[in-house]
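Participant: Listed below, chain by chain, are the residues.
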Amino acid sequence: MTYHEAFISERAARACAVAAQFCDQVDAEARFPHETLRALKDERLLSIMIPRDLGGEAAALADVAEVCAMLGQNCASAGMVFAMHQIKTATLVTHGVESEWHRTFMRRIAEAQLLLASATTEGGGIGGNMRNSICAVEIDCDRFTLQKEASVISYAKEADAIMVTARRSPQAPASDQVMAVALKHQYVLDQTGSWNTLGMRGTCSEGFVLTCDARAEQIFPKPFAEIAAQSMLATAHILWSSLWYGIAAGAVQRAQSFVRAEARKKPGVAPLGAVRLAQTVSLLSLMKSGIAAATSRFESAKRANDELNSMGFAIEMNNLKVSASQLLNEIVREAMMICGIMGYRNDSPYSLGRQVRDAMSAPLMINNDRISANSASLLLAHRIDARLAG
Amino acid sequence: MRGPDVLRGRSSPLNATIKMLLARTGRLAVDVNLLADDQDLYSAGLTSFATVQLMLALEEAFDVEFPERMLNRRTFASIGAIEACVSEISGAREAAA
Chain A
1 MTYHEAFISE RAARACAVAA QFCDQVDAEA RFPHETLRAL KDERLLSIMI PRDLGGEAAA
61 LADVAEVCAM LGQNCASAGM VFAMHQIKTA TLVTHGVESE WHRTFMRRIA EAQLLLASAT
121 TEGGGIGGNM RNSICAVEID CDRFTLQKEA SVISYAKEAD AIMVTARRSP QAPASDQVMA
181 VALKHQYVLD QTGSWNTLGM RGTCSEGFVL TCDARAEQIF PKPFAEIAAQ SMLATAHILW
241 SSLWYGIAAG AVQRAQSFVR AEARKKPGVA PLGAVRLAQT VSLLSLMKSG IAAATSRFES
301 AKRANDELNS MGFAIEMNNL KVSASQLLNE IVREAMMICG IMGYRNDSPY SLGRQVRDAM
361 SAPLMINNDR ISANSASLLL AHRIDARLAG
Chain B
391 MRGPDVLRGR SSPLNATIKM LLARTGRLAV DVNLLADDQD LYSAGLTSFA TVQLMLALEE
451 AFDVEFPERM LNRRTFASIG AIEACVSEIS GAREAAA
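Read top to bottom, the protein sequences are chains A and B. Position 228, counted from 1, in the first sequence is what the numbering used here calls 228; the numbers after and before it change by one each time, with no gaps. Here the numbering used here runs 390 ahead of the position in the second sequence, where the first position is 1.
Among these hints, one or two may not hold up.
DSBU-like, lysine-lysine: derived pairs with alpha carbons at most 35 Å apart [as the list claims (entries may be wrong)]:
1. K302(A) <-> K409(B)
2. K302(A) <-> K157(A)
3. K265(A) <-> K157(A)
4. K41(A) <-> K409(B)
5. K222(A) <-> K266(A)
6. K302(A) <-> K266(A)
FYI, nobody ran anything at the bench for these hints, they're computed from the structure.
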């Protein structure tokens, strides 16, 4: 571990202590994890990925992934807010460094530890297919206006800026999209939907009509299709999976403490859950190696644009999301089997109810069936690489 | 930028077949015949799903297989880019025969 990595994880550990303290309250009240976000800002963790010359720390994606995993063990909602913020930051870092407005904005994020949200989901039948838009930006001289029926904007009311997708112009086809940054004073939110869910209750992913009026230079120069392929797809799936790994690891740790306590109570007798624990630990390491492999594939693909835009790369990132979300659910269920009624209870030190409920969101956020259908289409073209070291 | 082929009044058989297949599978928002050879197909509405359908149609029509290295966004970015790739694959096959 480098000095910088150790420094980041020390700061993250302090924020995690706050997350652990408030996680049950956030879950019970379905409220935003204010205290944890305050701690993340105080530790200046919201800007770690931003380049050094713009006030950040130029942290690698793996370092950000580590923070997501740490938060996942303590408060998955706060971890998801942090992950989503970093996915937006990755877009700025990848596609905004050559635009003066976006550079200035990155400096402000670092200075004031601004929180970024995103409005990529739209009502009116578009649903979770973020690669299509109904709404369009209308450019008039140096300004643009936009109204979006956003069926979901996570933590919209807490964010300092929202990154929003829309068609390039009112004449453009649904798939010809751009992405723009809108600052808090440049938009109005009219709430249309609430967030009362089984798990991930603190992300406050409510519905809104978003109306904004901002400067035209706040629109990213690159089409959204390229932003999605080159930064969002990989960072979203890697950071989500890392957070999910944290939830899974936390559940397995709880199951292990349970088995060890049983072993202490009856020396010489193997506890009932011991074998299942061993099998669950192997699932956890499978999950971990999948994330590590996808992260290193992304780091090497970043050096070659064609590779980032290739079907093979998209399929690999899709595979990570689908497999990590399934493994997470398998692991938390196994952890509950190991802890038995003590895991099922909401009032025991081995309680796993929140972890199970949070985990259930994973296959649904960008539905695994939608992702598999996308991979199925790509696999009509892409040939499977049978090499072991590929 | 060159003008649309209908205005320039010339088009190779390869170019014409590509356009016909693009019209059939591309689900574009505009008439294929009004597109210049170097015009961006993604901004004309080409999606990743339609790209795969177009690739399959091209493979069937020209009896070729797109190699893995061509399966990226750039290959299908314009009619001209597709034409260059199909020529390259067919050329390589003829040279090997």
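Participant: State for each hint whether it applies.
Facilitator: Checked hints:
Distance hint between K302(A) and K409(B) is fulfilled; the C-alpha atoms sit about 33 Å from each other, no more than 35 Å. At most 35 Å may separate the alpha-carbon atoms for a hinted pair to count; K302(A) and K157(A) meet this at roughly 33 Å. With a C-alpha separation of about 50 Å, the suggested pair K265(A) and K157(A) falls outside the 35 Å cut-off, and the hint is violated. Taking the CA atoms of K41(A) and K409(B), the gap is about 54 Å. The hint is violated against a cut of 35 Å.
Proximity of K222(A) to K266(A) is assessed by CA-CA distance (about 64 Å); at most 35 Å being required, the pair is judged violated. Distance restraint check for K302(A) and K266(A): the Cα-Cα separation of roughly 54 Å exceeds the 35 Å cut-off, and the hinted pair is therefore not satisfied.
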